[in-house]
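Undergrad: Here is how the chains run, residue by residue.
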Amino acid sequence: MAVEESFTNQRSTAFVISARKRAIQKVGKTFGEALLLVIASFVAIVVLFIFYFVARDAVPYFQIRGFSEFFTSTDWYPADDPPAFGALSIIYGSLMVTVGSALLAVPMGIIAAICLSDILPFSIRQYAKPVIEMLAAIPSVAYGFFALVVLAPLLQNNGGSILMWAWWIIVAPFMTLVVVVTADLFTSRIADRKSRNRFNYVLTALFGIVTIFILYFVGTALSKLQILSGTNALNVSIILSFMALPTIVSVSEDALQAVGRELREGSYALGATRAETIVNVLLPAASSGILAAVILGVMRALGETMVVWMASGNSAHIPQPWFNYLESVRTLTATIAGDMGEADQVTGSARYHVLFAMGLLLLVISFISNLISERIVVRQRKILSGN
Amino acid sequence: MNLRTRKLLDRSFTALGFGSLVVMALALLVVIVPIAVKGIGAVFFTGTIEHRKMLSAEFHTGDPRELTSEAAASERYRANIYSMLSGFEGELDRMDPEKKAEYKNKYGQVKSSLQALLGPLPGEPAPMLTRFKYGQTRWDKAQEKLHDLLYETKWDTSNPNAMSTEYFVRRAESFKGTSLEKLFPYVEQNIEKMMLPKFTFYSGFITESSVDSHFFGGIWPEIQGTFFLAFGAMLFAFPLGVIAAIYFTEYAKPGFFNSMLRSANSTLAGVPSIVFGMFGLAFFINTLKVSDSKSVIAGSLTLAIMILPTIIRSAEEAILAVPKTYKEASLSLGSTKWNTIITVILPAALPGILTGGVISLGRAAGETAPIIFTAAVSVGSAIGLADVFNSPTPALSWNIYNLASEHEAAGELRHVQYGMVLALITVVLLLNLSAIILRARISKKLKG
Numbered sequence: 001m002a003v004e005e006s007f008t009n010q011r012s013t014a015f016v017i018s019a020r021k022r023a024i025q026k027v028g029k030t031f032g033e034a035l036l037l038v039i040a041s042f043v044a045i046v047v048l049f050i051f052y053f054v055a056r057d058a059v060p061y062f063q064i065r066g067f068s069e070f071f072t073s074t075d076w077y078p079a080d081d082p083p084a085f086g087a088l089s090i091i092y093g094s095l096m097v098t099v100g101s102a103l104l105a106v107p108m109g110i111i112a113a114i115c116l117s118d119i120l121p122f123s124i125r126q127y128a129k130p131v132i133e134m135l136a137a138i139p140s141v142a143y144g145f146f147a148l149v150v151l152a153p154l155l156q157n158n159g160g161s162i163l164m165w166a167w168w169i170i171v172a173p174f175m176t177l178v179v180v181v182t183a184d185l186f187t188s189r190i191a192d193r194k195s196r197n198r199f200n201y202v203l204t205a206l207f208g209i210v211t212i213f214i215l216y217f218v219g220t221a222l223s224k225l226q227i228l229s230g231t232n233a234l235n236v237s238i239i240l241s242f243m244a245l246p247t248i249v250s251v252s253e254d255a256l257q258a259v260g261r262e263l264r265e266g267s268y269a270l271g272a273t274r275a276e277t278i279v280n281v282l283l284p285a286a287s288s289g290i291l292a293a294v295i296l297g298v299m300r301a302l303g304e305t306m307v308v309w310m311a312s313g314n315s316a317h318i319p320q321p322w323f324n325y326l327e328s329v330r331t332l333t334a335t336i337a338g339d340m341g342e343a344d345q346v347t348g349s350a351r352y353h354v355l356f357a358m359g360l361l362l363l364v365i366s367f368i369s370n371l372i373s374e375r376i377v378v379r380q381r382k383i384l385s386g387n
Numbered sequence: 388m389n390l391r392t393r394k395l396l397d398r399s400f401t402a403l404g405f406g407s408l409v410v411m412a413l414a415l416l417v418v419i420v421p422i423a424v425k426g427i428g429a430v431f432f433t434g435t436i437e438h439r440k441m442l443s444a445e446f447h448t449g450d451p452r453e454l455t456s457e458a459a460a461s462e463r464y465r466a467n468i469y470s471m472l473s474g475f476e477g478e479l480d481r482m483d484p485e486k487k488a489e490y491k492n493k494y495g496q497v498k499s500s501l502q503a504l505l506g507p508l509p510g511e512p513a514p515m516l517t518r519f520k521y522g523q524t525r526w527d528k529a530q531e532k533l534h535d536l537l538y539e540t541k542w543d544t545s546n547p548n549a550m551s552t553e554y555f556v557r558r559a560e561s562f563k564g565t566s567l568e569k570l571f572p573y574v575e576q577n578i579e580k581m582m583l584p585k586f587t588f589y590s591g592f593i594t595e596s597s598v599d600s601h602f603f604g605g606i607w608p609e610i611q612g613t614f615f616l617a618f619g620a621m622l623f624a625f626p627l628g629v630i631a632a633i634y635f636t637e638y639a640k641p642g643f644f645n646s647m648l649r650s651a652n653s654t655l656a657g658v659p660s661i662v663f664g665m666f667g668l669a670f671f672i673n674t675l676k677v678s679d680s681k682s683v684i685a686g687s688l689t690l691a692i693m694i695l696p697t698i699i700r701s702a703e704e705a706i707l708a709v710p711k712t713y714k715e716a717s718l719s720l721g722s723t724k725w726n727t728i729i730t731v732i733l734p735a736a737l738p739g740i741l742t743g744g745v746i747s748l749g750r751a752a753g754e755t756a757p758i759i760f761t762a763a764v765s766v767g768s769a770i771g772l773a774d775v776f777n778s779p780t781p782a783l784s785w786n787i788y789n790l791a792s793e794h795e796a797a798g799e800l801r802h803v804q805y806g807m808v809l810a811l812i813t814v815v816l817l818l819n820l821s822a823i824i825l826r827a828r829i830s831k832k833l834k835g
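So the protein lines, in turn, are chains A and B.
Using the working numbering, the letters of the first sequence map in sequence onto residues 1 to 387.
Using the working numbering, the letters of the second sequence map in sequence onto residues 388 to 835.
Incorrect hints may appear among the rest.
Here are a few chain B residues that face chain A, going by a calculated C-beta distance under 8 Å [unchecked claim]:
| # | residue |
| --- | --- |
| 1 | L403 |
| 2 | M411 |
| 3 | A412 |
| 4 | P421 |
| 5 | S650 |
| 6 | T654 |
| 7 | S660 |
| 8 | V662 |
| 9 | W725 |
| 10 | E754 |
| 11 | I759 |
| 12 | F760 |
| 13 | V764 |
| 14 | S792 |
Under the rule of at most 35 Å between Cα atoms (straight-line distance), these lysine-lysine pairs were calculated in the DSBU-like manner [claimed, not checked]:
| # | chain 1 | residue 1 | chain 2 | residue 2 |
| --- | --- | --- | --- | --- |
| 15 | B | K724 | A | K29 |
| 16 | B | K493 | B | K520 |
| 17 | B | K640 | A | K29 |
| 18 | B | K640 | A | K21 |
| 19 | B | K491 | A | K129 |
Some chain B residues flagged as far from chain A (calculated, every beta-carbon gap over 10 Å) [as the list claims (entries may be wrong)]:
| # | residue |
| --- | --- |
| 20 | E445 |
| 21 | I468 |
| 22 | E478 |
| 23 | K487 |
| 24 | E511 |
| 25 | D527 |
| 26 | D543 |
| 27 | T565 |
| 28 | T587 |
| 29 | S600 |
| 30 | L737 |
| 31 | R801 |
Everything labelled a hint here was simulated from the structure, so no lab data went into it.
Glycine included, C-beta positions come from ideal geometry on N, C-alpha and C.
One chain only, chain A, in its complex shape (with noise of 0.2 Å):
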């Protein structure tokens, strides 16, 4: 009888908790989570004060001399006396080599992105993977010295003829497909198939003849190009392109992944083929995806400091034409690495205000880019999975 007793007793002490222990473990469990809640507001919380402390940097310069300079004066002389300070040709610089490098890795990243997902086998897949994770996790000084001292001296010694070829290798297989697609287009209509095929040769002749000196005249006249030097905006250009593939790559690839299975197939079985489906079925449905993928790579070209700051030339105007992608030009990025140095000295004065001012400018961008890119892949997962 004591026995079975003591068993009872010692049974619930070992399974059934005291109110006073519960009560302990209950405050710990609400201040657990209070601390957990607590570190995971941490992150809005530092977003915050980056605004907060840039903005209370900024402020003062708009307060000392206006909003009209800096957005529309190109007169960039901070250290004079009476000093300038016109950003436009800075603001402008940097969208210059965004557009330029956007140019670049657009393309390549949607096209790439499509043959990761949609082309290529998984065993491929595998090896591709790490090649793009690669060339994202190269330090971006890397990448700078690489402009620097390779590319720069490459485009400035052999600009022209870099350039010819680079035309005639990407330029003319593009133009042959176009010859050889609208010699179709124009003879698919002819009924008889002997006068259609005679007809089709004629124009992909003709065609080929014009694509041909087409070809040849651009390609001799970007040859006897004169590069005056090496560190301008199509030189970062093509390393900032380099940089915004990854991202481009891989939040465009989700974005197919993201597209079910049954678009593809009823698309293969009204009889399209893989181009044809990736054209007019995939591209259409990740749209926006793909959209928010560009906007994500962009803003990493347009927030890259180092490259720009090596090898863009850092001159402050605006070139001659307005698209002359082989002069010199400065970013907003760079000007802020390049000035805090000396604008330091001076807390307090506009020199050492304007450049938080332009910090503003590059966060208030990113920030709205990445709201925009949220909301979209949010659209997007709500569309697709069918709500």
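Fit chain B to the given chain A structure using the hints.
TA: Same frame as chain A, but now just chain B:
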């Protein structure tokens, strides 16, 4: 459209896809190969006797007895040059003033290029800077300087419409008829005997401090600074990030507050790196005053903020990848939620969390912009662990920039720059490679 054309389009589309992937792989190769090839040259190279002299005098390494005998052998051939120089100086004194002025300038150029090649000439005052105390330490550089000695560089500006082109004139021509004429063929023939080139493995490039702002010596202070900054950043960011990820995956309830936190996370991930640097300067240094001026701790904190979103995101993914059955089994055995997280979910997610951590570590090590205003100095010695709170440090990433763009002799020090870039890339890519391997193992394990 014709079926043949449709097929062609399909094929060319596939080719385009492969092509763009090939271009990306090529881009990787084009960037890495020159850096790797030339970077290795910072450690393995053909060193001259000047290199051995420098090592012995500045770092007290090498065999002094062997060096003395080598130096004597080299001096035997150099003595002839010195006697030729003094012979010409005597001849110069005897010339008429007009000719003398003409030759004096040219002779000065010869002397300075000889000095660059062989080190200080006897009878000259001892140089102040260490960089002028020795001749060329590397055989490839020595050959460049030999070319400078033998040929005079001139620019052809005859065509005003094109860029001027450079051409070379033999210096021996301009000294024709003087006693110095013999000097040039003599140097050209006996350069190997004077410089004694020998294949060298210079491990000091990794383990030694630099002498006279990277002219000689190695990059150890930079490597150490990079490690301090990156590990310091991890120390702050990793625990915070993992805890935040636990909250997001296990505790957060969907709602406005939660989606705001997530927006904040992705905003932070998109902030340009230079803005982090400005924030670090304005907040950690000017407001919180964690240190009087730049310091390792300020840099680490700034980097920590920068890598936090990456860590959170990868830890979240790793936790979500843990099969639900693990969690359910643990809960059904009566363990509490927290207990389940600590004993079941985290251990299962650990490799994935570590993968993200390793990648972030690489990013922190490679990033430059956030540490420009907060932690990096261009010249400095290695700092002790106790100095991290109040002293700045050189770091690989910043010093690559500084040496390549701002150093007064950037063109002379390419081998050091390549060596630094290779060191940085090796660290970062090895970290990433280990992450990739780790992840491959996890996915194998999860597949069963």
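Undergrad: Next step is simple, just say for each hint if it's right about the structure.
TA: Each hint, compared with the structure:
1. Interface hint status for L403(B): upheld, as the beta-carbon distance to the closest one in chain A is roughly 6 Å, under 8 Å.
2. Below 8 Å, beta-carbon pairs count as interface contacts, and M411(B) has one with chain A at about 6 Å; its hint therefore holds.
3. Residue-level restraint check for A412(B) holds (minimum Cβ-Cβ distance to chain A is 5 Å; threshold 8 Å).
4. With a least beta-carbon distance of about 5 Å to chain A, the hint placing P421(B) at the interface is held under the 8 Å criterion.
5. Below 8 Å, beta-carbon pairs count as interface contacts, and S650(B) has one with chain A at about 6 Å; its hint therefore holds.
6. At a threshold of 8 Å, the smallest CB-CB gap from T654(B) to chain A is about 5 Å, leaving the interface hint in force.
7. Restraint check, S660(B) versus chain A: the minimum CB separation of about 6 Å is within 8 Å; hint holds.
8. At about 5 Å, the closest approach between the beta carbon of V662(B) and any beta carbon in chain A falls short of 8 Å, and the interface hint on this residue holds.
9. At a threshold of 8 Å, the smallest CB-CB gap from W725(B) to chain A is about 7 Å, leaving the interface hint in force.
10. Interface hint at E754(B): satisfied, since its Cβ lies 7 Å from the closest Cβ of chain A, which is below the 8 Å cut-off.
11. The criterion of a C-beta within 8 Å of any C-beta in chain A is met by I759(B), whose closest approach is roughly 6 Å, and the hint holds.
12. With its C-beta approaching chain A no nearer than about 6 Å, F760(B) sits inside the 8 Å limit, and its interface hint holds.
13. Annotation: V764(B) was flagged as interfacial toward chain A, and the flag is violated, the nearest CB pair being 11 Å apart, outside 8 Å.
14. Nearest Cβ of chain A to the Cβ of S792(B): about 5 Å, under the 8 Å cut. The hint holds.
15. Proposed proximity of K724(B) and K29(A) is supported: the alpha carbons are some 10 Å apart, at most 35 Å.
16. Between K493(B) and K520(B) the CA atoms are separated by roughly 23 Å; this keeps the pair inside 35 Å, and the hint holds.
17. Between the alpha carbons of K640(B) and K29(A) the distance comes to roughly 16 Å, so the proposed pair stays at or under 35 Å and holds.
18. A threshold of 35 Å between alpha carbons decides the hint, and for K640(B) with K21(A) the separation of about 27 Å falls inside it, so the pair holds.
19. Our distance criterion of 35 Å between C-alpha atoms is broken by K491(B) and K129(A), whose separation comes to about 64 Å.
20. For E445(B), the shortest C-beta to C-beta distance to chain A comes to about 27 Å, beyond the 10 Å cut-off, and the non-interface label holds.
21. With a least beta-carbon separation of about 34 Å from chain A, I468(B) lies farther than 10 Å from that chain, consistent with its non-interface assignment.
22. Even its closest Cβ contact with chain A, about 42 Å, leaves E478(B) beyond 10 Å, as expected for a residue assigned away from the interface.
23. The Cβ of K487(B) sits about 40 Å from the closest Cβ of chain A, beyond the 10 Å cut-off, so the non-interface label holds.
24. Interface exclusion of E511(B) from chain A stands, the closest Cβ pair being 33 Å apart, more than 10 Å.
25. Under the 10 Å C-beta cut-off, the non-interface status given to D527(B) relative to chain A holds; the minimum distance is some 16 Å.
26. With a least CB separation of 16 Å from chain A, D543(B) remains clear of the 10 Å interface cut-off, as annotated.
27. Listed as outside the interface, T565(B) is consistent with that label: its C-beta sits roughly 37 Å from the nearest C-beta of chain A, beyond the 10 Å cut-off.
28. Consistency note on T587(B): stated as away from chain A, and its beta-carbon is indeed over 10 Å from all of that chain's, at 23 Å minimum.
29. Every CB of chain A lies more than 10 Å from the CB of S600(B), the least distance being 17 Å, so the non-interface label holds.
30. For L737(B), the requirement that its beta carbon stay farther than 10 Å from each beta carbon of chain A is met, with the minimum near 19 Å.
31. Consistency note on R801(B): stated as away from chain A, yet its beta-carbon is not over 10 Å from all of that chain's, at 7 Å minimum.
Hint compliance for this structure: hints 13, 19 and 31 are not met, and every other hint is.
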